[in-house]
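Student: Whenever a hint applies, use it, and build me the whole structure from the sequences.
2 protein chains.
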Amino acid sequence: MSDTQTTRRTVLTAAVALGLPAAGIGTAAAAEGRRGPKIGVLLYDGFSLLDPTGPAEVLSRLPGATVTMIGERRGPVRTDTGATAVVADRAVSEVDRLDVLLVPGAGNRGTGAAMQNPVLLDWIRRVDRHTTWTTSVCTGALILGAAGLLRERATTYWAAAPYLESTFGVRYVPERYVRVGKVITAAGVSAGIDMALFLAGKLAGEDVARAIQLAVEYDPHPPFDSGNAATASPQLKELALRLLAESQQ
Amino acid sequence: MSDTQTTRRTVLTAAVALGLPAAGIGTAAAAEGRRGPKIGVLLYDGFSLLDPTGPAEVLSRLPGATVTMIGERRGPVRTDTGATAVVADRAVSEVDRLDVLLVPGAGNRGTGAAMQNPVLLDWIRRVDRHTTWTTSVCTGALILGAAGLLRERATTYWAAAPYLESTFGVRYVPERYVRVGKVITAAGVSAGIDMALFLAGKLAGEDVARAIQLAVEYDPHPPFDSGNAATASPQLKELALRLLAESQQ
Numbered sequence: 001m002s003d004t005q006t007t008r009r010t011v012l013t014a015a016v017a018l019g020l021p022a023a024g025i026g027t028a029a030a031a032e033g034r035r036g037p038k039i040g041v042l043l044y045d046g047f048s049l050l051d052p053t054g055p056a057e058v059l060s061r062l063p064g065a066t067v068t069m070i071g072e073r074r075g076p077v078r079t080d081t082g083a084t085a086v087v088a089d090r091a092v093s094e095v096d097r098l099d100v101l102l103v104p105g106a107g108n109r110g111t112g113a114a115m116q117n118p119v120l121l122d123w124i125r126r127v128d129r130h131t132t133w134t135t136s137v138c139t140g141a142l143i144l145g146a147a148g149l150l151r152e153r154a155t156t157y158w159a160a161a162p163y164l165e166s167t168f169g170v171r172y173v174p175e176r177y178v179r180v181g182k183v184i185t186a187a188g189v190s191a192g193i194d195m196a197l198f199l200a201g202k203l204a205g206e207d208v209a210r211a212i213q214l215a216v217e218y219d220p221h222p223p224f225d226s227g228n229a230a231t232a233s234p235q236l237k238e239l240a241l242r243l244l245a246e247s248q249q
Numbered sequence: 001m002s003d004t005q006t007t008r009r010t011v012l013t014a015a016v017a018l019g020l021p022a023a024g025i026g027t028a029a030a031a032e033g034r035r036g037p038k039i040g041v042l043l044y045d046g047f048s049l050l051d052p053t054g055p056a057e058v059l060s061r062l063p064g065a066t067v068t069m070i071g072e073r074r075g076p077v078r079t080d081t082g083a084t085a086v087v088a089d090r091a092v093s094e095v096d097r098l099d100v101l102l103v104p105g106a107g108n109r110g111t112g113a114a115m116q117n118p119v120l121l122d123w124i125r126r127v128d129r130h131t132t133w134t135t136s137v138c139t140g141a142l143i144l145g146a147a148g149l150l151r152e153r154a155t156t157y158w159a160a161a162p163y164l165e166s167t168f169g170v171r172y173v174p175e176r177y178v179r180v181g182k183v184i185t186a187a188g189v190s191a192g193i194d195m196a197l198f199l200a201g202k203l204a205g206e207d208v209a210r211a212i213q214l215a216v217e218y219d220p221h222p223p224f225d226s227g228n229a230a231t232a233s234p235q236l237k238e239l240a241l242r243l244l245a246e247s248q249q
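Heads up: the sequence lines are chains A and B, in that order. Residue numbering for the first sequence follows the UniProt record's numbering, starting at 1 and increasing by one per position. Residue numbering for the second sequence follows the UniProt record's numbering, starting at 1 and increasing by one per position.
Some hints could be false.
Where chains are identical, the list cannot tell them apart; a pair therefore holds if satisfied intra-copy or between any two copies.
[To be verified] Calculated cross-link-like contacts (lysine-lysine; reagent style DSBU-like; alpha-carbon spacing at most 35 Å):
id: 1; residue 1: 237; residue 2: 38
id: 2; residue 1: 202; residue 2: 237
id: 3; residue 1: 202; residue 2: 182
Hint data in this document are derived by calculation from the structure and do not stem from the laboratory.
Tutor: Given below as structure tokens:
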């Protein structure tokens, strides 16, 4: 522990000691050389941190997959709280083809701005022409709606359901994720993880999806049982929305 | 939709149309002025994306909370796949006091390097002296162990359990999170979300924690039931570790 330099040998020693496989160390193919699905996650100012990162964690374990964070411009993109930034490694102008597009949700400010941003909407429509799957998490569904990509049914953040229905003429389905053709919408924030596992099964088979669930130890046991808006009291809903509003820029 | 400029008025209109509260728009206190818990998340090269971002999403909704990403240096910190970076907005040298410290896990390379990095270990020990809670997700427990902060019992990533027990002399407990005094360790990757809700309850009361669970719509329904290593077949474990190794740099 006396050396700040970590050599390949010491890392390999640690890897062996951890009992974990060391095969990937230093040998992972460069992203460009990978042959699995090309997954693009759209980041835009004010997105909610878990919306893209939960699915990205799951989908990045697909064999040969690349998960790329994409922004209107390259560089850091701030979340709804303003306190955290994830880097967009590619600009929309650099990305034409994706196997999977994922549009995360945001607070009011971010969702409203993205729904009115023709650069983002045009790009979403253009990329969607060639995707195998076009997906959203949370209020990302409203952005897909603004791009004209929703049909029949969808899900979204529970508080945005009336807006979804009245604006886009689709039926809100209160499930963790809803598939219509190649479009999959997920419910709020954490639902993107469930949706990503479903998508992993479609892309690589259920054995791989189950292994990814184990790889991320997703055996959820929240200490409370209050995540479902259908059974929440009006007071709890009000408090949830107030905490969101107060935490967002 | 014809204007790329999003004015405060149009955003407010969208917020009202969405049916969501607009109180936070443009009025959130600057981070420095907030009076809730100061939460610091340590980022280091090779961390696993969901480990810090799941808890950060949950904890950022605590009243008045600030969640700060902290690195050895300021700037982007890459994940285990190398494909994504989250920005460290503060360097460890800039942060002395935190109410909550969270140390995420990583792949072999990242965990092994962090366990041998005296700058990070010294900082963890120094900050821990004044925290209310010192926490880890996944193999972050091994880093707390290397810093000398584990006692009696802990949890960690399922595949790292034998290493945890043999190296630090603590008993591995296969639960979503394990509390010993002010130290809370969470199991692998996604378990950080469950742990963060528990912690939210301790920091702000169970009503707030329940509201945060609703705010992030955390009503998990994964399409499979394979996230628990205790019931996984050897074949599934092998595949999970192979997918991890192949996806990591």
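Student: Are the hints correct? Go through all of them and say.
Tutor: How the hints compare with the structure:
no.	hint	result
1	237 to 38	between (37 Å within a copy, 25 Å between copies)
2	202 to 237	both (34 Å within a copy, 20 Å between copies)
3	202 to 182	within (11 Å within a copy, 42 Å between copies)
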